[in-house]
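S.K.: Chain by chain, the residues:
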Amino acid sequence: MINRRHFLIGASQVGLMTALGASLPAWARSSADGNMGITTLEGRDFNLTIDRFPVTIDGRRGRAVGVNGTLPAPLLRFREGEDVTLRVTNRLKEDTSIHWHGLLLPFEMDGVPGVTFDGIKPGETFTYHFPVRQSGTYWYHSHSGLQEQDGLYGPLVIDPAGADPVAYDREYVLVLSDWTFEGGDRVFAKLKKVSDTYNMGQRTLGDFFRDVSDNGLDATLRDRREWGEMRMSPRDISDTSAMTYEFLINGHTTGDNWNGVFKAGEKVRLRIINASAMTIFNVRMPDLPMTVVAADGLNVQPLETDEFQMGVAETYDVIIEPKEDRAYAFVAESIDRSGQAVATFGPRPGMRAEAPALRKIPTLTMKDMGMDHGAMGHGNMGGMDHSTMDHSQMNHATMDHGQMDHSTMDHSKMGHAQPDEGQMDHAAMGHAPAAKPLKTGPGVDNIATMPVSRLHEPGLGLEDVPHRTLRYSQLRSLDPIPDRRQPERELDLHLTGNMERYMWSFDGIKYTEVKGPIIFKEGERLRLHLTNDTMMSHPIHLHGMFFELNNEGGDHRPRKHTVIVKPGEKLSFDVTADALGNWAFHCHLLYHMHAGMMRVVQVQPRNPGEVDHSTMDHSKMDHSKMGHNNMNHGEHNQ
Amino acid sequence: MSLKHLLVVGLGALSASAAAQDHSNHGTHTPATADTPYQMQGSGAGHHDPMFLFLQADRLETQFHDGEETLVWDTNAWYGGDLNKLWIKSEGELSLSGGEFEEAEVQALWSHAISTYFDLQTGLRYDIAGKDRVHAAFGVMGLAPYWFEVDAMAYVSDKGDITATVELEYELLLTQRLILQPRAELAFSAQHVPDAGLGKGLTGLDTGIRLRYEIIREFAPYVGIEWQKRFGATADMMRRDGEDPNRMVLVAGIRAWF
Ligand SMILES: [Cu+2]
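So the sequence lines, in the order shown, correspond to chains A and B.
So in full-length UniProt numbering, the last one in the first sequence is 638, and the numbering has no gaps at all.
So in full-length UniProt numbering, the last one in the second sequence is 258, and the numbering has no gaps at all.
Bear in mind the hints are in silico, worked out from the structure with no lab data behind them.
Glycine included, every Cβ here is placed at the ideal spot set by N, Cα and C.
Treat the hints loosely; a few may be bogus.
Claimed, not checked - List of simulated lysine to any residue pairs, SDA-like, C-alpha gap at most 20 Å:
| # | chain 1 | residue 1 | chain 2 | residue 2 |
| --- | --- | --- | --- | --- |
| 1 | A | Lys439 | B | His112 |
| 2 | A | Lys193 | B | Phe231 |
| 3 | A | Lys192 | B | Met51 |
| 4 | B | Lys85 | A | Glu500 |
| 5 | A | Lys192 | B | Trp78 |
| 6 | A | Lys193 | B | Gly99 |
| 7 | A | Lys192 | B | Ile216 |
| 8 | A | Lys193 | B | Trp78 |
| 9 | A | Lys192 | B | Thr175 |
| 10 | A | Lys193 | B | Val150 |
| 11 | A | Lys193 | B | Phe52 |
| 12 | A | Lys193 | B | His65 |
| 13 | A | Lys193 | B | Ala187 |
| 14 | B | Lys85 | A | Val194 |
| 15 | A | Lys193 | B | Phe148 |
| 16 | A | Lys193 | B | Phe54 |
| 17 | B | Lys85 | A | Lys515 |
| 18 | A | Lys193 | B | Ile88 |
| 19 | A | Lys193 | B | Asp74 |
| 20 | A | Lys515 | B | Leu83 |
| 21 | A | Lys193 | B | Leu53 |
| 22 | A | Lys515 | B | Glu169 |
| 23 | A | Lys439 | B | Leu83 |
| 24 | A | Lys360 | B | Phe148 |
Claimed, not checked - Quick list of simulated restraints, FRET-style, between CB atoms:
| # | chain 1 | residue 1 | chain 2 | residue 2 | range |
| --- | --- | --- | --- | --- | --- |
| 25 | A | Arg63 | B | Phe101 | 50 to 56 Å |
| 26 | B | Leu124 | A | Pro437 | 26 to 32 Å |
| 27 | A | Lys360 | B | Ser95 | 20 to 26 Å |
To be verified - Every beta carbon over 12 Å from chain B, so not counted as near; a handful from chain A, in silico:
| # | residue |
| --- | --- |
| 28 | Gly255 |
| 29 | Pro466 |
| 30 | Leu478 |
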């Protein structure tokens, strides 16, 4: 049986083989040539060099920006409880940076230019130095310009100080990413000029006739009229696609066939990282169940599933137990189903599993616009039976006011003692002189009038797959959450954009237009409500602090650093402001962030004398009379 | 003070004001409150709103009619950001048999986003071919419900003549790359403009349909057919010049952008 230590030794032997004259670097070779992993750097002291270098992707030559000449960047392996030093040297002609995604550290070490430090100038070396306070699967990437698209990302694994609650015989790190030969700047420019450039899944005349024959002429015309009136496309699933992307697993396309080896009967831990710039992936291993044991680096109660949707920047650890002597495919399919990356796990190196056919592109519905359910059910929504699912979920996000009405208790009792942490909306309104309501305009093409909770759904396009799917509502943290206080303060933030102009923002305000940071007070317990007014799924990421996703998991709510907010969804999470300083808070779709879907959260020390929100008496406010829907709670914080 | 000295001082002032401007772009640098303990660090690299340059040949085609060939261009360029852009539009016709411009105009417009899908455009139009004339130009451009691309402009010439044009385009996807594009262009004049060959009222209607194949999104050859109709006094003037006010032309061309 090969354990993890053996595996690491194996990886360094691969390095030796390269030195002995193989033409391709180890990471670029398939398993048949001995590539069993990613270049690994281990210890407390690291030297990383950022440069441009040639790469070969699917047989085609390109140029990447990355670390130590490898794509992905080397696997960094830390140990919990140690101090690490990383000297990052910039050999580019432009500024660069490295952000340690998901790590709890002093904000000056977080690596976001313009927010936590100056960036690393050409020729300079910046030394990151911080204690490692956690364990699990994370990653690192550039936070400068669009370098992340061009290859500056790598995996980061922290071994626990004590015993690992997850038992496994062997492990692999799988870095999912999207590569373009066009380069990030060109892709972004094309999106700004012609925003549907990369959409290869628009409805065609053929779809029209198919819908007429499936649903009748009236329903089809009504559907086309509705989308036409809004000037929106129900196939606007992803801004980018396989038209420009090669999807990669550990730097390998399906053709390059990255290969992992197991012995039948072993427990294999896969540390899966979505290090894409723009691609949300559906991950599955046909014929092989996966047991999710960690999400965003932190352990969760083991949960067996067959497929999950993975937002950009999320990580999942799963255990697989292949019992048969055969090859299994590991499939990462882009959310718009325009392409996929397939790797092979098998008992012998060099095997190639059969890649499944790409599945049909999903079609959005009025629900994805955050519209009233009454507007749905026109029949031609691709055969999905949303109606049965929706009603069970309606209560949660949109009906909180109703819940309050038929309670006779006052809010002070209700709000602060309620064990159901998730769905109470009432504290937010106390603090804001009602800000002006969010309106459509050049930067905002839609306001979700009836956003709903979609935590019980597996993610766009996975509603009707014939196997088990992971939903956020199922995730339970293995350890109880550390801070079980009720939130003292609530904030509302809308995810906004205009697809046609390719503008993205929070509350209709781009990052370049905001007046200042969102202020958190040290030690404060906050609840953030995120409402997605757009038709796209946005993986929203908070630096520096984990948050508890309010999924009715009580004290075992999952703690995450990134959460997908689905189209037309409203969700909330709680966070304890325990990390002083400036922290980036943004959509992790690179071009959305770059276009302005970003804020800075500033955790300020609490002055002893100042007003403490937690002592405010909510019971004196008449919450039931407040119209919550149209208030822009976020804005007064900027 | 020497000229060189002046230059240095001048450049210094320019770059200082540029730097100030630059800084104002970085809203996040401004402390939110007086007690903000953490200034944002650094230069905010990558947090500008970037500007883009767009070049487009919407139609670059040869029109075939009665053995005559005419080169027609309808090209655009813009430079700017999300809300404000400088647009340059140029349209015209060059008779390939005669070798002379039949029509040629260029417009410089400031374009400002006024709603989710529409920009207001104001500026100048200059007619190059033959009758040198300058117009004040004013209009809207954007995406109307049901995905109609609209470009509606009104013009007032230096002689006080008022004219207007409305262009409508629609795209029907046969496949993801094979696209049928119906197009209509209406022209109006508020008065007779004899030296421009215009009568009063609706002066012309060009309707056509083009079928293009996007080899890549940025480059698509096409073929099509267009009906060009002139009305009223405008048509009369054409007839007097021995031209046909109702023509059907075949077109072949390319659509490209960068
Ligand atoms: Cu986004």
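S.K.: Now tell me, hint by hint, if it's right for this structure.
M.R.: Hints versus structure:
In summary, the hint linking Lys439/A to His112/B is supported, as the alpha carbons are separated by about 18 Å, within the 20 Å threshold. Of the pairs offered as hints, the one joining Lys193/A and Phe231/B is violated, with about 37 Å between alpha carbons and a cut-off of 20 Å exceeded. For the proposed pair Lys192/A and Met51/B, the alpha carbon gap of about 10 Å is at most 20 Å, so the pair holds. Using a Cα cut-off of 20 Å, the hinted pair Lys85/B and Glu500/A holds, with the two alpha carbons roughly 16 Å apart.
For the suggested pair Lys192/A and Trp78/B, the alpha carbons sit about 12 Å apart, so the restraint of at most 20 Å is met. Of the supplied pair hints, the one linking Lys193/A and Gly99/B is violated, its CA atoms being roughly 34 Å apart against a limit of 20 Å. For the given pair, Lys192/A sits about 17 Å from Ile216/B by alpha-carbon distance, which is consistent with the 20 Å threshold. Our distance criterion of 20 Å between C-alpha atoms is met by Lys193/A and Trp78/B, whose separation comes to about 10 Å.
The hinted pair formed by Lys192/A and Thr175/B fails the criterion: a straight-line CA distance of about 23 Å is larger than 20 Å. Taken as a hint, the Lys193/A and Val150/B pair is honoured in the structure, with Cα atoms around 17 Å apart against an allowance of 20 Å. Restraint check for Lys193/A and Phe52/B: satisfied, since their Cα atoms lie roughly 8 Å apart, inside the 20 Å limit. Distance restraint check for Lys193/A and His65/B: the Cα-Cα separation of roughly 35 Å exceeds the 20 Å cut-off, and the hinted pair is therefore not satisfied.
Taking the CA atoms of Lys193/A and Ala187/B, the gap is near 28 Å; set against the 20 Å cutoff, the hint is violated. Of the pairs offered as hints, the one joining Lys85/B and Val194/A holds, with about 15 Å between alpha carbons and a cut-off of 20 Å not exceeded. Of the supplied pair hints, the one linking Lys193/A and Phe148/B holds, its CA atoms being roughly 18 Å apart against a limit of 20 Å. Simply put, Lys193/A and Phe54/B have alpha-carbon atoms about 7 Å apart, close enough for the 20 Å limit, and the pair holds.
A C-alpha spacing of about 24 Å is found between Lys85/B and Lys515/A, which places the hinted pair above 20 Å, so the restraint is violated. This hinted pair checks out: Lys193/A and Ile88/B have alpha carbons roughly 15 Å apart, not beyond 20 Å. With a CA separation close to 18 Å, the supplied pair Lys193/A and Asp74/B stays within the 20 Å bound. Between Lys515/A and Leu83/B, the direct Cα distance comes to roughly 19 Å. Compliance with the 20 Å bound is thereby established for this hinted pair.
A C-alpha spacing of about 9 Å is found between Lys193/A and Leu53/B, which places the hinted pair at or below 20 Å, so the restraint holds. Among the hinted pairs, Lys515/A with Glu169/B is inconsistent with the structure: their alpha-carbon atoms are about 40 Å apart, more than 20 Å. Straight-line distance between C-alpha atoms of Lys439/A and Leu83/B comes to about 16 Å, which keeps the hinted pair within the 20 Å bound. Between Lys360/A and Phe148/B the alpha-carbon distance is near 28 Å, which puts this suggested pair outside the 20 Å criterion.
Between Arg63/A and Phe101/B the beta carbon distance is about 45 Å. The supplied range of 50 to 56 Å is therefore violated. The hint said 26 to 32 Å for the Cβ distance between Leu124/B and Pro437/A, and at roughly 39 Å that hint is violated. As the Cβ distance of Lys360/A to Ser95/B is approximately 51 Å, the hint placing it in 20 to 26 Å is violated. Distance to chain B confirms Gly255/A as a non-interface residue, since its nearest Cβ pair spans about 22 Å, more than 12 Å.
Every Cβ of chain B is farther than 12 Å from the Cβ of Pro466/A; the closest lies at roughly 27 Å, confirming the non-interface assignment. With 12 Å as the threshold on Cβ separation, the claim that Leu478/A sits away from chain B holds: the shortest Cβ distance comes to roughly 34 Å.
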